[in-house]
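Protein chains in written order, with our numbering: chain A, 1 to 312; chain B, 313 to 802; chain C, 803 to 1116; chain D, 1117 to 1433.
No wet-lab data here; the hints were simulated from the structure.
We put the CB at the ideal spot given by N, CA and C, even for glycine.
A portion of the hints provided could be inaccurate.
Said to hold, decoys possible - With a Cα cut of at most 20 Å, we get these calculated SDA-like pairs of lysine to any residue:
1. C:K960 / D:A1257
2. C:K995 / D:G1405
3. C:K966 / D:G1405
4. A:K30 / C:A843
5. A:K204 / B:T476
6. B:K425 / A:T138
7. B:K430 / A:K30
8. C:K966 / D:Q1207
9. C:K1037 / C:E928
10. B:K430 / A:T138
11. C:K1012 / D:G1276
12. C:K916 / A:T138
13. C:K1012 / D:V1157
14. D:K1202 / D:V1157
15. C:K1095 / D:Q1207
16. C:K960 / D:G1405
As the list claims (entries may be wrong) - Using C-beta positions, here's what the derived DEER-type ranges look like:
17. D:L1213 / C:A837: 49 to 59 Å
18. C:Q1083 / A:E145: 19 to 29 Å
19. C:N935 / A:I163: 52 to 62 Å
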Amino acid sequence: MTALLLNRDLLRRALPAITLAVLLVAIFIKQPLAMSQFGLTLMLQYAVPIALATLAQMFVIAVNDLDLSIGSFVGLTTCIAGLYLPTEPLLGALLLLLCIAAYVAMGALIHLRNLPSIVVTLGMSFVWLGIAVLLLPTPGGKAPEWLHGLMNLKVPGVPFPIIAAIVIAAVVQIGLMHSSYGVVLRGTGGNPKAVARAGWSLLKTKMVMFGLAGSFGVLSGLSLIGLTSAADAHIADRYTLYSIAGVILGGGEFIGGRVSPVGAVLGAITLALAASFLIFLRISPDWQIGAQGAILIIVLALRAAITRGSAR
Amino acid sequence: MGTQPEQIVSLKGVAKSFGAVRALAGVDLAVGAGECLGLVGHNGAGKSTLMNVLAGTLAPDSGAIEIHGKDLAAGYSVTVAHRNGIRCVFQELSLCPNLTVAENTRILHPALKGFGWKQRAGRLIKEKLDEILPGHGISPGDTVGDLSLGQRQMVEIARAFTVTDDPLHLVILDEPTSSLDASTAQQLLEFVRREVARGRSVILISHLLGEILRYSDRVVVMKDGKVVAERPADRFDRDSLVGAMGTVVEHHAAVQATAVRERSGTPVVVRAKSALQTDDQALVAHRGEIIGLAGLAGHGQTRMLLQVFAGAVGRMHGVDVQGPVAFIAGDRQTEGIFPLWSIARNVTVRSLPRMLRHQLVDSRREAEMAESWKQRIKIRTPDMDNNILSLSGGNQQKAVFARALGSDAEIVLMDDPMRGVDVGTKLEVYDILRAEAAAGRTFLWYTTEMDELNYCDHIYVFRNGRIVADVSREEMTEQKILQSSFKESA
Amino acid sequence: DTKDKKIALSNNYAGNSWRQAMLKSWDKVTKQAVADGVVAAADPFTTSENQVTEQAAQIQNLILQGYNAIVVNAASPDALNGVIKQACDAGIVVVSFDGIVTEPCAWRVAVDFKAMGKSEIEYLKENMKDGGNLLEIRGLAGVSVDDAIHSGIEEGVKENSQFKIVGSVHGDWAQDVAQKAVAGILPSLPEVKAVVTQGGDGYGAAQAFKAAGRPTPLIIMGNREDELKWWKEQKDANGYRTMSVSIAPGVSTLAFWVAQMILDGQQVPKDLTVPFLRIDQDNLEKSLETTEKGGVANTEYSLEDAKKVVAGAK
Amino acid sequence: MNATMLRKLHQTPWIWSFVGAVAVWLATIAFTEGQGAGAIVTAALSFACFTVIVGTGQMLVITTGPGNVDLSIPATITLCGTVAMKVMNEQDSLLILGIVAALAAGAVVGALNYGLIRFLRIPPIIATLSMSFLVQSSAIAYNRGLRIKPPPALDAFTTGDTFGVPWIAILTVLFSVVVGIIVGRSYYGRAISAIGQNSRAAWLANIPVERFRFLTYVASAMLSAICGILLAGFSGGPALDMGSEYLLGSIAVVVIGGTSVAGGRASVPGIWGAALFMFLLVTMLNTFGASAGIRLVATGLIIIAVIAIAGGERESR
Ligand SMILES: Nc1ncnc2c1ncn2[C@@H]1O[C@H](COP(=O)(O)OP(=O)(O)OP(=O)(O)O)[C@@H](O)[C@H]1O
Ligand SMILES: Nc1ncnc2c1ncn2[C@@H]1O[C@H](COP(=O)(O)OP(=O)(O)OP(=O)(O)O)[C@@H](O)[C@H]1O
Ligand SMILES: [Mg+2]
Ligand SMILES: [Mg+2]
């Protein structure tokens, strides 16, 4: 009985990894070329900024909120990075810090006025986009050299995106899941009243979590412009939905503070790879969009099948 | 207990109102070192409110909070309370379900940080759990959400007694035994006595007067926001205590008077077999019977009730139910109340299909039902349109009770439904149950209180998800039930 | 000789009629080319949203798949440069069209959107001698095409002070959004003599004017069949005059032939310009005839056309 | 007196969306010195209808509990608008058939949404998002974005008005009244509120949880279908991107209108207030002639301001 329970729990935790593995195998079968350092680097490069954005979303979801602005926020940070970092690095860094501060303030506002985060972040998504359009009415800007170099780093033997993903996942996993303050942060999502009754400030935990979300949003923007080498206000609009999907794919839940950083990173990579897989399948353009939906459904249905199969 | 021990806390003239409701009308309360103070009173008397004030989670409207002789009322907060060695186990549990047992321990102790904190937290809570309840089967790595209600209660209590940096002088236990079975409760209370012997103080709130009388040194009785009696425990007996609470007792003898009925006299309305059952033993209920589900907590009684419920509203293998059912949840927080709704809506939700006129809910009939149950089961509120959360815990439970009793259900499933209900109300509810049973309603009643089994016509004892004994009313003795509860199943 | 070369189309959006017509033209022309053995394959790929990152990932996968040339309609002129460079480095010919890219290693089959915007004002200059108030319907803020067309219009207005833009709304290139925005701003505007648009919003604007009970101004159309049909009705009823301009969806086929020529080893300059497709009062009927019902006025290109464009650029 | 009024205000958070709507309208006509005051309201009324219709569906879904949301609304609008126009084929005689076909298509989408959520246990947000991709593809494959004119009767109906009050607005107000009654006083309304607060407690209170969830998702998709038909009639034919602005728009009006995001509490009048507010806000900023960037920033800040003034959900213990 307990063995079965343990097993199911283990399975549940391993699910994001299993899903990813299945997808990778399918890709390798369809396109053996992908199974090389070059191939993996190409396929996974763009998963890095998505993974960072997904982690940003995860911090917010962990305290029972939802961030509908992360996509346009990442867009804005690419604009700031593209415009100022190469020429006026200090100003650029300052502006990026200001962005993070705005996120902290957003968390404080949501907590103090007890507002639905969906509306506040929806409103902020307009604000971010508006500022980005004001800064950069038409795509342009340029990634600073060091950033471009970093994102295109070649490490012999291992594709760089994989190293990046492991490092990112490990740092957040330790910080949030194993550190002692991480417990308080997650507890805020699980039972805020209990955390408050133990004498912790909920305002502070909210602000910390939103600050972390903002920081990872900035990192996502930086890594993104390092790849694209130019900025665009709309560059990451899609990240909002992707990041939410990534968190859920990674085993997170919308309420109750149940999240998994490693899962979220795996979820983000899975999403990125799912799109690649579709391209290898060569579906008629009419159904290429639909196939994206279908693959999401299949991936998640797989989860359901595994958890249910083991539950019996 | 003759000499007055050193005082730890002393509340003076504490008053608190919620809108029109005067929850505390100037209360004085003092706790000495090394004392177990029993606090009793009817549902809504103001016990939890007073404890919330003491724990720093609720600011009083007026009054002094003296700790070790110093008035700290200004700027009093949870942190101040903790720093002064006061902890509280609240009536509604305060653990984070997404965290592990060890992590929940860490939440209470800012000092548990740095390298290896997880091991330290785990050790701390494990030692305490072992001390209270050897063989508890809870590991520090378990996620709290996966534990049963009783286990969660154990964890929270054990957590309250762990010590790191801050001193620990007083632990408030607000109905700690409500979700525990009798033997676990006993172990817990023995532990409380040991702590008290070590010089710690405990405030114990309970509606099980036996516990109060046996384990506390001094008893304080509250009524309508005031302290109405205060005496050493040995100067109270059950009747005088009940009398002090303002309840008139006349029912006691009546229990034995119900005639024992022939089992086969009425048709079978429920037949259910547990999935874990290896033999043919099934739970059977005839119309008009009160069936008791006994055994230690968490041995499959709730699961059986859920199984019967699922069988009644849908289809379920091994379950045959004749007639509409209603369910009374004991874990009211997670499966009972609708927190956004008024008390009235919480009461009527199960009966809405009956209250439709032209497909719309008839608000007059709804109000009528709410009002009549307010009277019958004595829900203490100025207005049934108030939010359900404005009720005291016991009164919330009464609303959940009223929901089922007021419905058209012929079979009522009760999952330890008296949790937190005060003595007076309990006695009245027992009367209602018997009257309803006589009128043909069937009750399946899981209870952790041995006394309540006296009201049952037939009892099934559960162990490890199985029925291990099938006891009729005549054969029933406490001895027999306990024996079967511990018996390794055949 | 390109008969075993493979060409891919990387498209970033398929959610409007223009893109659908573009895909259809591609399909028609390249199927024939494959059947004739000109190239081995010409597969179209499209992403669901107008997103740089999705398209970048898509192009990277196309690189992996070993295509010899990639024809791109890009989501952003600059932001795809990273991946375009990767493609070039892998020896792949990249030809961008419509949404062009600035990466120097790629070819561009460009439409001068700025000139297109300016041509709208120039038309008005000739047909509306005493000038007047203009309403501008723009596309999606922050996107380069919107900015280019807008700057053309702006420049035109600056040079012709008889015109004044009294209102400007963003219609996001979606018919219903444009209609909504126009309907909202219209009551507060003085008399509007003409509406300048970015394509496809003309009919919605006409509806909004009708709903508000205002006289119908001169509305520049965007080659959609419903716009042309409405124009024709007005023309027959009261001699309504306007013009219609847009980029032909079939430009994808031109880009295809350019890619084929490059693969064939021919010298092709990096920057090519295609004229936009313009419909005037006199060729309205003819264009309407050849436009699919509910579709967009279109022209498809042949190899000869492509050669002419290339020769013209040399 | 003042205090009780304040408390009342606090209990009806949807008031604020109307206050916001009136405020931006006043600001607009102050700018134009009164010009077009009535016409702006007329326009707002007709465009708000579409948002209100899909917003109502979204509200029902959101009310059934945290995490429940319908992201397939835009694609469903597109598909059903296309199906309707294609079946109607510009003929009044086929009007009814077209409506039935579109509604049926909507019902199928809703049922599939529910199926993904229930049987494959996919979280609603992803289930409906995935579904929307499939639905969008179906719309593309079905008609490839060609624009089919609505039949004259539909055109006339959707654009008609009486004394400046659009017919569809009258109809939509009636519809809202009916939904208001259903949500407030029918068994279904009570049940989804219960499910939204605590679905397990609802199940234990004998509420047929899954049946009502199914109904809710189907209702949302069918309302999208109705919106698709009306929108196609109103704007002269369906387009592939015709629903895209309702993705976030439908959620925004629901939440600004005072419905609880965490589920359990619905507010029908609030949807109207919020829909009018959103339209008038864009109109105001357009009228002021602000640049796109400023417009976006102001839109965001004003939305946040309105919701912050209205205040969040109170906690009662
Ligand atoms: N947040 C609140 N809003 C309104 N009324 C409240 C609130 N909290 C408590 N009350 C009221 O205060 C009174 C005292 O409640 P309290 O919870 O202290 O009772 P109790 O003695 O603990 O009862 P029980 O035995 O049922 O737990 C009750 O009448 C209750 O309805
Ligand atoms: N055996 C069970 N134990 C606990 N919870 C259950 C059980 N079965 C169902 N539930 C909970 O109740 C919800 C509703 O279940 P159920 O299938 O009975 O709904 P229903 O609305 O009655 O279905 P139908 O529309 O077919 O009548 C489930 O989603 C689940 O959360
Ligand atoms: Mg209490
Ligand atoms: Mg059922």
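Consistency of the hints with the structure:
1. C:K960 / D:A1257: Roughly 45 Å separates the two Cα atoms, so the pair is violated.
2. C:K995 / D:G1405: 18 Å, holds
3. C:K966 / D:G1405: Given pair K966 (chain C), G1405 (chain D) holds - Cα atoms ~13 Å apart, limit 20 Å.
4. A:K30 / C:A843: Given pair K30 (chain A), A843 (chain C) holds - Cα atoms ~18 Å apart, limit 20 Å.
5. A:K204 / B:T476: 24 Å, violated
6. B:K425 / A:T138: Violated, at roughly 49 Å.
7. B:K430 / A:K30: Judged against 20 Å, a Cα distance of about 45 Å means the pair is violated.
8. C:K966 / D:Q1207: 42 Å, violated
9. C:K1037 / C:E928: Within the cut-off at roughly 18 Å; holds.
10. B:K430 / A:T138: 52 Å, violated
11. C:K1012 / D:G1276: Judged against 20 Å, a Cα distance of about 11 Å means the pair holds.
12. C:K916 / A:T138: 13 Å, holds
13. C:K1012 / D:V1157: 16 Å, holds
14. D:K1202 / D:V1157: 32 Å, violated
15. C:K1095 / D:Q1207: 16 Å, holds
16. C:K960 / D:G1405: The hint holds at about 18 Å.
17. D:L1213 / C:A837: 49 to 59 Å: Distance hint for L1213 (chain D), A837 (chain C) is violated at roughly 40 Å.
18. C:Q1083 / A:E145: 19 to 29 Å: 55 Å, violated
19. C:N935 / A:I163: 52 to 62 Å: 60 Å, holds
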